[in-house]
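Asks: Now for the letters of each chain:
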Amino acid sequence: MNAPVNSGGNSGMRGLRGGKQRYSILSLARNALSHHENWQRAWRSPEPKPAYDVVIVGAGGHGLATAYYLASRHGIRNIAVIDKGWLGGGNTGRNTTIIRSNYLWDESAAIYEHSMKLWEGLSQELNFNTMFSQRGVLTLAHSEHERREMTRRVEAIRLNGIDSDVLNPAQIKQIVPIIDTDPRLRYPVMGGFIQRRGGTARHDAVAWGYARAADDMGVDIIQNCAVTGFLIDNGVVKGVETEKGAIRAGKVACVVAGHAGVVADMAGFRLPITSRPLQALVSEPIKPILDVVIMSNAVHMYVSQSDKGEMVLGAGADSYNGYTQRGSLTVPEGMLAAAVELFPVFSRLQMLRSWGGIVDTCPDASPVISKTPVSNLYFNCGWGTGGFKATPGSGHVFADLIARDAPNKIAVPFTLDRFSGGYLIDEHGAAGVAH
Amino acid sequence: MLLIDCPWCGPRDDEEFHYGGEAHVLRPRDAGALSDEAFADYLFMQQNPKGPHLERWSHSHGCRRWFNMLRNTATNEILEIYPMGEKPKTEAGQAAYAENWRRESPAEKNALSGGEA
Ligand SMILES: Cc1cc2nc3c(=O)[nH]c(=O)nc-3n(C[C@H](O)[C@H](O)[C@H](O)COP(=O)(O)OP(=O)(O)OC[C@H]3O[C@@H](n4cnc5c(N)ncnc54)[C@H](O)[C@@H]3O)c2cc1C
Ligand SMILES: [Zn+2]
Numbered sequence: 001m002n003a004p005v006n007s008g009g010n011s012g013m014r015g016l017r018g019g020k021q022r023y024s025i026l027s028l029a030r031n032a033l034s035h036h037e038n039w040q041r042a043w044r045s046p047e048p049k050p051a052y053d054v055v056i057v058g059a060g061g062h063g064l065a066t067a068y069y070l071a072s073r074h075g076i077r078n079i080a081v082i083d084k085g086w087l088g089g090g091n092t093g094r095n096t097t098i099i100r101s102n103y104l105w106d107e108s109a110a111i112y113e114h115s116m117k118l119w120e121g122l123s124q125e126l127n128f129n130t131m132f133s134q135r136g137v138l139t140l141a142h143s144e145h146e147r148r149e150m151t152r153r154v155e156a157i158r159l160n161g162i163d164s165d166v167l168n169p170a171q172i173k174q175i176v177p178i179i180d181t182d183p184r185l186r187y188p189v190m191g192g193f194i195q196r197r198g199g200t201a202r203h204d205a206v207a208w209g210y211a212r213a214a215d216d217m218g219v220d221i222i223q224n225c226a227v228t229g230f231l232i233d234n235g236v237v238k239g240v241e242t243e244k245g246a247i248r249a250g251k252v253a254c255v256v257a258g259h260a261g262v263v264a265d266m267a268g269f270r271l272p273i274t275s276r277p278l279q280a281l282v283s284e285p286i287k288p289i290l291d292v293v294i295m296s297n298a299v300h301m302y303v304s305q306s307d308k309g310e311m312v313l314g315a316g317a318d319s320y321n322g323y324t325q326r327g328s329l330t331v332p333e334g335m336l337a338a339a340v341e342l343f344p345v346f347s348r349l350q351m352l353r354s355w356g357g358i359v360d361t362c363p364d365a366s367p368v369i370s371k372t373p374v375s376n377l378y379f380n381c382g383w384g385t386g387g388f389k390a391t392p393g394s395g396h397v398f399a400d401l402i403a404r405d406a407p408n409k410i411a412v413p414f415t416l417d418r419f420s421g422g423y424l425i426d427e428h429g430a431a432g433v434a435h
Numbered sequence: 436m437l438l439i440d441c442p443w444c445g446p447r448d449d450e451e452f453h454y455g456g457e458a459h460v461l462r463p464r465d466a467g468a469l470s471d472e473a474f475a476d477y478l479f480m481q482q483n484p485k486g487p488h489l490e491r492w493s494h495s496h497g498c499r500r501w502f503n504m505l506r507n508t509a510t511n512e513i514l515e516i517y518p519m520g521e522k523p524k525t526e527a528g529q530a531a532y533a534e535n536w537r538r539e540s541p542a543e544k545n546a547l548s549g550g551e552a
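Note that the protein sequences, when read in sequence, are chains A and B. For the first sequence, the positions run 1 to 435 when the working numbering is used. For the second sequence, the positions run 436 to 552 when the working numbering is used.
Simulated from the structure, these hints should not be mistaken for lab results. Any given hint might turn out to be false.
Once the Cα atoms are required to be at most 30 Å apart in a straight line, the calculated BS3-like pairs of lysine-lysine come out as [what the hints assert, rightly or not]:
id	chain 1	residue 1	chain 2	residue 2
1	B	LYS544	B	LYS522
2	A	LYS84	B	LYS485
3	A	LYS371	B	LYS485
4	A	LYS20	A	LYS308
5	B	LYS485	A	LYS238
6	A	LYS409	A	LYS238
7	A	LYS371	A	LYS117
8	B	LYS485	A	LYS244
9	B	LYS485	A	LYS251
10	A	LYS371	B	LYS544
Computed from a predicted model, the values in this text were never measured in an experiment.
With the sequences and hints as input, model every part of the structure.
Replies: Structure representation (structure tokens):
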């Protein structure tokens, strides 16, 4: 097992430390004998205690990872993670699971690559198969301008020590035989670049793996319990109001994605975030035909094939604010038109499901990991259309911020005061449309 | 998907329209007089409520005119449409207008005073 680089020390502390059964080939065989009816529960469903050292609002991947790293790296275990729905039911369970670290700016490269390194050891660390698959992420260019811009981006990415290679249309055709590289297309494939260490993971497994490992160390995960307000005394947070009553806390950390603005409003301050539905679709399962992730910013299309054989397709976000968790039909319609032009074999695919998630976008398409105007209250949000890939890294640096009440080197560019200070991290090129 | 009742063309599909963001945001006249925090509030902090939201739309693929709209972002119900330069007339619209922190912001005061904050 490779210890992830930069994981903030304590790399000897791995895996389940409480009394949980480990998953292994032996436990699988043993449980087969009893028809898989005696598996231990992966986590408890406790009633909230009156007080905790840390309350985390939002049991998505980022919130659960934060709890896990607080417990495993900082020894803070008296934690509750509270969610208004079920764990992983927000954007974590709705995303198209693309993972990559090929961002333009040094600040972004640092946090996404930190995350990538944690992904590379995550299944072993959590004793849970996250199905992390480094199958490669290939981004297409459809115009001369895009091709040149991409070449520049690749050079910047490589200067940060992150793998990226420019490809010409013939090389792309070799990797993706089903793609149409006819130069007469409306949006022809003029080139692209690939991050071979990029790929996908199973979204639910990431939430479940962190939840199980955090629960094992004593973290209470409280589902179906919306936070409705904050207990604030003289500018210091003292706890949260919830549907199950008040819960006191030494520190409160909010990781609520699309609802960041709503929750910040409860605490009496503003965030530079707009919330909009972003959509995705899956097709019926078919035989394996695509073994890399394809992204195209110009035609707003990205696709990968799941291990079950479904084509997983992502579309764009609605232009207008909204919390409806389903977007406009025109958005997937436009994306599918582009997908069928690039992959004529998709023309007879049936789509099985489509859905939306509410994404929290920042003006510079970069996240906020920050202290707030209220003492001991922290926010982690603004990941917008592309935060799944950051789940381990985000949780890791956020735990550090909460434990030390100060951002570490990776997190410090992402504080809230960058908006008044003017130090924006403009990642629209890398993060704006797709993921 | 919305069916938007353009004041000039009647009900049309939202695909024909362009969303123009929060309505009633006044540009400060003397931005140099504002603190960095006040200017950042003006520039970056948009209303993002789960509920009634005052916003601008333009019928960009139709008559190309702009208008204001009150929409519930939790249900997509369109509650009011009214001309540019006017204030909302419904109760929900007036409440959304009055409760917006911008009304008390240095940037808006600066814009209305025609000079310093
Ligand atoms: C369609 C789609 C495709 C995407 N594709 C990709 C991709 O390919 N790659 C990528 O990297 N990213 C992608 N993303 C973005 C990614 O999903 C998110 O950035 C990431 O999952 C956010 O994780 P989270 O844990 O912060 O949020 P979430 O998983 O949304 O968790 C937030 C939780 O907060 C809870 N909550 C909210 N309000 C309250 C309250 N008042 N009280 C208690 N709990 C509350 C919610 O119920 C929710 O469970 C995509 C998103 C969508 C919608
Ligand atoms: Zn019109």
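Asks: Mind checking the alpha carbons of LYS485 of chain B and LYS238 of chain A for me, to see if they're no more than 30 Å apart?
Replies: Answer holds: LYS485 of chain B to LYS238 of chain A is near 25 Å, not above 30 Å.
Asks: Starting from LYS485 of chain B, check that the Cα of LYS251 of chain A is at most 30 Å away, please.
Replies: holds, 26 Å
Asks: Below or equal to 30 Å on CA atoms is what counts here, so check LYS544 of chain B against LYS522 of chain B.
Replies: Holds - the C-alpha atoms of LYS522 of chain B and LYS544 of chain B are around 17 Å apart, at most 30 Å.
Asks: Taken at face value, is the distance from the CA of LYS244 of chain A to the CA of LYS485 of chain B at most 30 Å?
Replies: holds, 22 Å
Asks: Assess, step by step, whether the Cα of LYS371 of chain A is no farther than 30 Å from the Cα of LYS117 of chain A, and give holds or violated.
Replies: holds, 25 Å
Asks: Between LYS20 of chain A and LYS308 of chain A, is the straight-line Cα distance small enough, at 30 Å or below?
Replies: holds, 29 Å
Asks: Holds or violated: LYS371 of chain A and LYS544 of chain B, Cα atoms, limit 30 Å.
Replies: holds, 29 Å
Asks: Take the C-alpha atoms of LYS409 of chain A and LYS238 of chain A, compute the straight-line distance between them, and say whether it is at most 30 Å.
Replies: holds, 28 Å
Asks: Is it true that the CA of LYS371 of chain A sits at most 30 Å from the CA of LYS485 of chain B?
Replies: holds, 24 Å
Asks: For LYS84 of chain A and LYS485 of chain B, compute the direct alpha-carbon distance and say whether it is at most 30 Å.
Replies: holds, 15 Å
Checked against the numbered hints listed earlier, the structure breaks none of them; every hint is satisfied.
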